[in-house]
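Visitor: Here is how the chains run, residue by residue.
4 protein chains.
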Amino acid sequence: MNVDSVHRSLRERQRQERQELILQAAEQLFTEKGYYDISLDEIAKRVGIGTATIYSHFSSKEDLMVAAIFERALQRVALHIQELAAIQQNAVEKLTASFQFLISDDFFLRRAQLYYSLGNSPEAQKALNSRQSSISENARIFSETLAEVIEQGKIAGEFRQDIATSTMLKAFISIVRAQSVKDRLAGNYEDVSPAELLQVYISGIAVQATTTQ
Amino acid sequence: MNVDSVHRSLRERQRQERQELILQAAEQLFTEKGYYDISLDEIAKRVGIGTATIYSHFSSKEDLMVAAIFERALQRVALHIQELAAIQQNAVEKLTASFQFLISDDFFLRRAQLYYSLGNSPEAQKALNSRQSSISENARIFSETLAEVIEQGKIAGEFRQDIATSTMLKAFISIVRAQSVKDRLAGNYEDVSPAELLQVYISGIAVQATTTQ
Amino acid sequence: MNVDSVHRSLRERQRQERQELILQAAEQLFTEKGYYDISLDEIAKRVGIGTATIYSHFSSKEDLMVAAIFERALQRVALHIQELAAIQQNAVEKLTASFQFLISDDFFLRRAQLYYSLGNSPEAQKALNSRQSSISENARIFSETLAEVIEQGKIAGEFRQDIATSTMLKAFISIVRAQSVKDRLAGNYEDVSPAELLQVYISGIAVQATTTQ
Amino acid sequence: MNVDSVHRSLRERQRQERQELILQAAEQLFTEKGYYDISLDEIAKRVGIGTATIYSHFSSKEDLMVAAIFERALQRVALHIQELAAIQQNAVEKLTASFQFLISDDFFLRRAQLYYSLGNSPEAQKALNSRQSSISENARIFSETLAEVIEQGKIAGEFRQDIATSTMLKAFISIVRAQSVKDRLAGNYEDVSPAELLQVYISGIAVQATTTQ
DNA sequence: GATGAATGAGGTTTCATTCAT
DNA sequence: CATGAATGAAACCTCATTCAT
Chain D
13 MNVDSVHRSL RERQRQERQE LILQAAEQLF TEKGYYDISL DEIAKRVGIG TATIYSHFSS
73 KEDLMVAAIF ERALQRVALH IQELAAIQQN AVEKLTASFQ FLISDDFFLR RAQLYYSLGN
133 SPEAQKALNS RQSSISENAR IFSETLAEVI EQGKIAGEFR QDIATSTMLK AFISIVRAQS
193 VKDRLAGNYE DVSPAELLQV YISGIAVQAT TTQ
Chain Z
13 MNVDSVHRSL RERQRQERQE LILQAAEQLF TEKGYYDISL DEIAKRVGIG TATIYSHFSS
73 KEDLMVAAIF ERALQRVALH IQELAAIQQN AVEKLTASFQ FLISDDFFLR RAQLYYSLGN
133 SPEAQKALNS RQSSISENAR IFSETLAEVI EQGKIAGEFR QDIATSTMLK AFISIVRAQS
193 VKDRLAGNYE DVSPAELLQV YISGIAVQAT TTQ
Chain A
13 MNVDSVHRSL RERQRQERQE LILQAAEQLF TEKGYYDISL DEIAKRVGIG TATIYSHFSS
73 KEDLMVAAIF ERALQRVALH IQELAAIQQN AVEKLTASFQ FLISDDFFLR RAQLYYSLGN
133 SPEAQKALNS RQSSISENAR IFSETLAEVI EQGKIAGEFR QDIATSTMLK AFISIVRAQS
193 VKDRLAGNYE DVSPAELLQV YISGIAVQAT TTQ
Chain L
13 MNVDSVHRSL RERQRQERQE LILQAAEQLF TEKGYYDISL DEIAKRVGIG TATIYSHFSS
73 KEDLMVAAIF ERALQRVALH IQELAAIQQN AVEKLTASFQ FLISDDFFLR RAQLYYSLGN
133 SPEAQKALNS RQSSISENAR IFSETLAEVI EQGKIAGEFR QDIATSTMLK AFISIVRAQS
193 VKDRLAGNYE DVSPAELLQV YISGIAVQAT TTQ
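So the protein lines, in turn, are chains D, Z, A and L. Once you know that position 65 of the first sequence is 77 in this note's numbering, the rest is easy, because the numbers rise by one and skip nothing. Once you know that position 109 of the second sequence is 121 in this note's numbering, the rest is easy, because the numbers rise by one and skip nothing. Once you know that position 93 of the third sequence is 105 in this note's numbering, the rest is easy, because the numbers rise by one and skip nothing. Once you know that position 128 of the fourth sequence is 140 in this note's numbering, the rest is easy, because the numbers rise by one and skip nothing.
Quick caveat, the hints were computed from the structure, so don't treat them as lab data. Be aware that one or more of the hints could be misleading.
In this list, chains with the same sequence are indistinguishable; a pair is considered to hold if it fits within one copy or across any two.
[As the list claims (entries may be wrong)] Listed below are the simulated DSS-like cross-link pairs for lysine-lysine, each with C-alpha atoms no more than 27 Å apart in a straight line:
| id | residue 1 | residue 2 |
| --- | --- | --- |
| 1 | Lys-57 | Lys-194 |
| 2 | Lys-45 | Lys-166 |
| 3 | Lys-73 | Lys-166 |
| 4 | Lys-45 | Lys-57 |
| 5 | Lys-73 | Lys-57 |
| 6 | Lys-166 | Lys-138 |
| 7 | Lys-166 | Lys-194 |
| 8 | Lys-57 | Lys-166 |
All values derive from a computational prediction rather than experimental measurement.
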């Protein structure tokens, strides 16, 4: 390794660190105030860099948003779900642990709201697509990991076989969201026990034990 | 009815009609492109009026948004749910009919996304509050009607009694949303049968029949 | 007097009364908040009439302003100064009484500020000119009355003769203004006794008595 | 001095120069047409810059106004008055020189009018306060310097001791204004000799010599 | 004649993005 | 390479004035 490459790697590392700082600031400010209420100037000031510098790391505000909010968080979530699926014993326990993790992770807690604030404008779509490779890859890992858990549950006789795995997966994601995102519609019925909510789901997909009630 | 009141009602009616046009245009454009990507100029041009005219009907862009997107749609939803609850026979049928209606109504289909695009800015909150009376009233009707249906189901022995009504309600809303709002997370498992999704829910809350599998 | 003319005079009186209400509202609101911070809608609402009605009484906002603020108040001031000049005995007493009146009258107290807020725009000049006949007439009465008082004082030996009457008049007006209009420049020296201020002026124009100090 | 600081000072200087151009244009246009009749677009066009650039120098139109009209001019006035008070011999000469300067300086000649056009709106007050430190400081210097001159005049036996200094100061400022600001009220008596006007003031505050007339 | 509603014209302000340094 | 400053473009909003009723 010659002097040049040392310099380059030094620079490169500094650059990485700076990018990390930008992402963290963006993550916090976007989720705090919303995408449209935070300007790049504010983010740059928070990091302590010049506004133009952001553009040497991200191609646009939307790109930064997608990178900061989705790319990283989704990667974190996908990896953790994989770990949980490996550690836990049976399918119910795996889903339970996943549920517990997801409702406490701020990917669902705060980012879902921002996703919609991006809107359906062509620009937003373009920004999403440019980062798509990473995002869709992790989304794939996330959903496939859970789908596999469900499939295993079916094979093990834990879950019903007359309901499609995709349906069970979708229902699972939906209750995670229900628990994470506040919903004015629910009104006075807003506060629910996460455990109970999960129980509704598990009961809904579980093989019905012989019971009398 | 004297001349004055005729005049007044004529004017009043024209004004109402124009307001209706504004609301329709706003509804369409906001849901098409998103709140922040549509300017009042575009809405006015679509209606064929001056931009300033919008301000004689709505106090701000946010007020228009809330009125156009939430006030009307939520009222429509609340009323229809009430009707369905009155017509159908038992609780399962009532929830089934409600589910069918809700996943086909564009309140869930498109408006939920716009809600989040409003963000948490103080202005958005103020706009929501100024129309709050109508919105919260209809949200109350919506959630209470469904809660009553669930309660009746419990009494009739259709639903389990060891799960709180609020939990069941929240789970119900969540599957409606799951069916209505596209979710990139679900990835390849996106397409599900609404009936199956509902079945998961119903199974999850239903009293378990004595079965052997 | 036939029916028609009775009707006409009735209408005419109502019209006059309404105009009076407009002027009073404008007077109050303009002096309270300033010319540019009060809209015609606000004035109309205060009076309880339609906005367009104002235009059947005044040709423009500026015309209303000039009429409401200057025409009426200046007439009042001019008349009162004439009365005081007729009642009081000698020149010093006449100026003293005039001073007392002027510093308590809100023409100087509040309107002087509004005059400048009209600016030097061509429109403002035009508005002033259209009412000019009344305004300049009363300004003439005002200044000439005071000038005559000063002249009489000179003849009576009360005032110095080596100072031009116009100079004395201007100085008089200036101390009235000094007493009426708050001046940030004077800073901590703002609060002064009106009597003392007048005394400076009177001493400045009076024939110097033989004194030893 | 390294490269960085050279760069910074270069940029800094260019920025200063541009700000100076903005201030000059604002100063001229505001005094020409009035605060409300000049838009920032006009000022920017006059300078040859984009309208938004003004906002990188001043936080609002009102801030620019206060800075352009009051901050600079008042500083100039305060400093000059201090110099005159130091140079001239006795109190009468000091006041005379100050008077001569003030009636020729356009602070009184044109800016006093603009002050009132700002009105009493909360925004105007806020703008004034944000620059207050400089403005009130210079106003303090201005008034205290003149007050000291008067006090010295009293001690030296030039001025009467039975009139408060604050009264004398206020009267002084008032005749400066009288000479500087055109007043429609004075009508045909408008043109006066500055020297005579000053003489009225000086006579009014001077110790009366033993005279017979 | 009075009016409420409509609006053209224009204002201030913001901000993502670019560019000279 | 990083940057602070500049800015084009556009947004929201206001209001004096007009006009159909």
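Visitor: Could you figure out if Lys-57 and Lys-194 sit no more than 27 Å apart (CA to CA) within one copy, between two copies, both or neither?
Guide: Neither: 30 Å inside a chain and 36 Å across chains, both beyond 27 Å.
Visitor: For Lys-73 vs Lys-166, is the C-alpha pair at or below 27 Å within one copy, between two copies, both, or neither?
Guide: neither (44 Å within a copy, 51 Å between copies)
Visitor: When no copy is specified for Lys-166 and Lys-138, does a C-alpha distance of 27 Å or less occur within a copy, between copies, both, or neither?
Guide: neither (39 Å within a copy, 49 Å between copies)
Visitor: Within, between, both or neither: how does the pair Lys-45, Lys-57 come out at a Cα-Cα threshold of 27 Å?
Guide: within (16 Å within a copy, 31 Å between copies)
Visitor: Please sort Lys-166 with Lys-194 into within, between, both or neither, judging by C-alpha distance up to 27 Å.
Guide: For Lys-166 and Lys-194, only the inter-copy Cα distance (26 Å) is at most 27 Å; the intra-copy one is 32 Å.
Visitor: Within, between, both or neither: how does the pair Lys-45, Lys-166 come out at a Cα-Cα threshold of 27 Å?
Guide: neither (43 Å within a copy, 42 Å between copies)
Visitor: Could you place Lys-57 and Lys-166 in one of the four classes (within, between, both, neither) given a Cα distance threshold of 27 Å?
Guide: Neither, since 53 Å and 56 Å both go past 27 Å.
Visitor: Reference check for the pair Lys-73 and Lys-57, CA-CA at most 27 Å: within, between, both, or neither?
Guide: So Lys-73 and Lys-57 pass the 27 Å test inside a copy (15 Å) and across (24 Å) alike.
Checked against the numbered hints given earlier, the structure breaks hints 1, 2, 3, 6, 8 and satisfies all the rest.
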